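**Q** Below are the chains, spelled out letter by letter.
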Amino acid sequence: MKVVVCVKQIPDPALPGELNPTTNLLKRDGKLILDESDSYGVEMALQLVEAAGGGEVSLVSMAPNNEMSGLRTALAMGADDAILVSDENLAGTDALGTAKVLAAAIRRLSPDLILAGVESSDGYTGTVPEMVAGVLDLPSVTFAKQISIDGDTVKVQRQTEAGYDDVECKLPVLLSVTAGVVEPRYPSFKGIMAAKKKPVEALDLQGLGIDLNTVGLVGARQETIRVTEAEERESGEIIVDDGDAHQRIAEFLGELKVI
Amino acid sequence: MTEVGLADEMISTLRTWVDSEVIPHASEFELPDIYPTDMVLQMAEFGLFGATIPEEYGGLELDNSTYVRVIVELSRGWMSLAGVINSHLICAKLIAQFGTDVQKQRWLPAMATGDLRGCFSLSEPDSGSDAAALRCQAKPDGDEWIINGTKMWVTNGEKAGVVALLARVPADDEGAGGITCFIVEKTPGEKSGGISISKKIKKLGYRGLETVEMSYVDHRISATELLGGQNGIGNGLRWALSALELGRINVAARGVGVAQAAYDAALSYAKEREAFGRPISQHQAIAFRLAEMATKLEAAKLLTFEAARKADAGERVDLAAGMAKLFASETASELALDAMRIHGGNGFTSEYPVERYYRDAPLMIIGEGTSEIQKLVISRALLAE
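Protein sequence lines correspond, in order, to chains A and B.
Be aware that the first sequence starts at 2, since it is given in my numbering, and climbs by one per residue.
Be aware that the second sequence starts at 14, since it is given in my numbering, and climbs by one per residue.
Accuracy of the hints is not assured; some may be wrong.
[What the hints assert, rightly or not] Among chain A residues calculated to face chain B with C-beta under 7 angstroms, some are:
1. Y187
2. F190
3. R222
FYI, nobody ran anything at the bench for these hints, they're computed from the structure.
Every value quoted in this text rests on a predicted model; they were computed, and no experiment measured them.
All C-beta atoms in this analysis are idealised placements derived from N, C-alpha and C, irrespective of residue type, glycine included.
Isolated chain B (complex conformation) (with noise of 0.2 angstroms):
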């Protein structure tokens, strides 16, 4: 566990850092749709590529707890640097958990400094919620897999040196196959071998950063690249899916940290803004709609680090995850609209980091499982007991 004055230590400096380099400079990258370099750079003196990836492979293995407040603090700033280090870190916490030895070695210590950098690629133009379809295929072929298939809203696939590729791996004479993680190794880049990895996909928000498109004809991966080994074979989905659940308190943490941006930004212009004599915030309308706000952003912050809390104390977390995810990622959207209505034309308007958050919000709402893939999980949760 980190201790706790450590981490109340981190996320002040990390706060000193968005509040003084970030917030002032977000939306001169984020409009033009530019991929903030310094400012990853700064992540990675840090230490964040390395956040959660354990300490004998130089992470700083930094609790659920301590992460969440991170990417909180990262989101309050720009939602799109914590997609930086998310789905790196998704591709870390693969490898240390299911990784033999020999891949841990390989991979975690240059991915903990962040030279090398980690993707996560699961979904396909036509396999999303319904991960279980998907059609990449990785043959076998001597010692090495010939992979074929396309994937689709890879975050950082450009710039990544290892991509948790889910694949599905034919069926041989016992039976044995089914989806399968393998971590594949490329050149950062358009193209690597048989990979080519399309533009970056032009998005309504989350932008700074690559989402891009990946697709492999014919592409050969050393049998040293299939995750966990012979054992991993058949695993893949299972243990993707069990990632992505912390994966899940990561994006209600986005959620808390878009929807704590929105609430400030719209607490501050209230008491400055006039009209008919005196500030906004002296009017009802909108007095109450700032209690209302805070109520939310209240409520989704307990249920975020309640599902951390579980996370960390080993307990099962679907529930808990599916519950923070959903209204989190629900409540950034609210508030983001809220925090516009508060703004009036001033918001509207690319002047004020309010529009932003407004078309961050709705990434929460559909990445990483939509809010009704959580309903459905929470709901079988319910009722399974």
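Just chain A, same shape as in the assembly (with noise of 0.2 angstroms):
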């Protein structure tokens, strides 16, 4: 079985990040991390192969300057090789633009499967992944919480606000992977040694295929016009327990529809 894991790298979100004045986009030029949320695809991609009982697992990534680190994570923990695109024209993709990057990418390995985050740590766009099914015209299903593989077919729960829908779709296809379903692993120092010697393929838009008016600031559909910053979360509210305080607890998780 061959599954393919799309991976975004990006800027650590532990250190502070910086916005371009004239695009409004997140800068992106330094070191790029593994997405946390691109981390339950790797895991997940990596048991459903060992449940398979071999395969291969590959990741494909957009990022600038040719940077891999974050590849390199997901390598260590287990992925087998990769497809890297980096080009200057790319800078400023949106969503669509990404998409069509990565679909080009995926169609070069012609897998059985697809994952991807249901939306990543820096965009929150929410949007690739669908799209990318769009591109390659396959199904898609989104927030996978399990799957499982039989024959030719997948079986999907997918995450609803009310519980699971059960979902079967024939292969290929891609499923978005919903954030915290399966635990990453931490890669193995013998898995980071190996991962600097795994197959990486770096191409730019030309060893691609990709007419460059399509993708890139110039091919762009969308554009961020305004930046607001987001309002400080409030402090909450202290209930001091003067008899009523499991009343009034009980009120507001009742507000929340909680309860």
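Could you fit the two chains together into a complex? Lean on the hints.
**A** Printed below as a string of structure tokens:
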């Protein structure tokens, strides 16, 4: 079984980020790390291949400056190889442009299954996985919390607000994996050593056969026109128990519609 | 030599684990003295049981400089975790360095994965710093050896499947004999052949993992368990002391780890805790103490990393390792007490981890050569020049 995982490499969220004042987009010129929300996809892919008794996990990623630190982490976890698309003309690419690039890279690998995170931790558009499926003309199932493969069929528990839906679908298919549904393994030290020797195919837009005018800032149909600071989170309400605390907590939970 | 970029990545992976899995949970195991099985399993997953075992036997073959960073990270989280692998790797080092090819093949691959656990057994109830006075006996009997004696302070003694045991071989007709190292195979558990293992010794700190007394009564082992074959007879103490030289750098690294933890805790508490209308870090008494702590910590790190660098370069390390161990272990104790002072009453409770640093730090002053022995080693090296 061949599984492809879409992996985004993002600026370390622990460090202060900075926006480009002209484009209002996040600066990504430093070291990039594996987006935590994609580590669930990588772990899920590794588990599925282990359960299938063999196969291959390949990564596809689009990042500036041939940056592959984050890819190395996923390779150290156990992925076999990767395609990295890097091209200066990709700066400013919007969600659809990204999907076109990832789809072109995925096409080279003809996988049985494609996994992605639900949304990235730096962009949060949450649309790229379904756009990739659209470009590839494949079915997609979002918010997968449990995945099993049975012959040429994939069975997915798809998380919903009320619980989950059981979905079945013929392979090949693209699934977006809900964050937190598996526990991503720590790379072993041997894995870290081995990752350095694993093949990473570096491609630019020409190598991928993509028209320069359809991607990057030129091809973007999406524009970030204004950025405003998020409001500071207000501190919570402290309930002092005067004998009626339980009622007030119950009312509060009722307002939230959790009870 | 371990490539620096790779070493950085390994250490950063380990740091993430220590921050998210060890630091928040260490006290749940440490206070009731429970073995941290899941943490040890993850350490095996990382490959740490093979950290310094040669690659040809399935280990990571990390150099000393990288291994020291591993120990600092583990000890920053919980010093006992360093103890889980230290004595295992001293045992493996003896085999890798002095064992026959057959012995290396027999034990090292399983030790590298952690499936086979090793321990190191030199101390006795009446022989600690004066290791040469040990009394445990090994007598030849045909193709076998018969072991009799009592060993003390054996870390991981129960879980171990092989014990690097130092025992005295009586002189034969040609005068060959003396302290000799055996790799004694045993079944993990309380009893194996003539070996009995005591209950866990109750300790001030360094809790969670087992430290036991082991007694040998007419315990028979095969001649193949004599480390290095016949050449090994009488060489045991020299070999063990050379392995302990690296052991000292490791204990220095544990000191650095505990000192780092104490300093980190003190710094963040001093910034948060307010007294007289401002954070206590704004009071000079506290700020100056932090400055002294940070300076000592940095000095301990530099001595320790320098000793490891020398060992990697193949230089003599008796002096450097002695100085690193002496300074880093004393620093750990001083910083643990400093951190407690900065925490005030809170530091005296088990709600904060500082009291654990305070209880763990004295081990480094005592284990693998007391501070006094280090001064002996250092002064001898100085005066010999």
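**Q** Given Y187/A was flagged as interface, is its beta-carbon under 7 angstroms from a beta-carbon of chain B?
**A** Holds. Min distance 6 angstroms.
**Q** Holds or violated: is the Cβ of F190/A closer than 7 angstroms to a Cβ in chain B?
**A** At about 4 angstroms, which falls below the 7 angstroms cut-off, the nearest Cβ of chain B leaves the hint on F190/A intact, so it holds.
**Q** Can we keep the R222/A interface hint, with Cβ of chain B closer than 7 angstroms?
**A** 38 angstroms, violated
Hint 3 alone, counting from the list given before, is not met by this structure.
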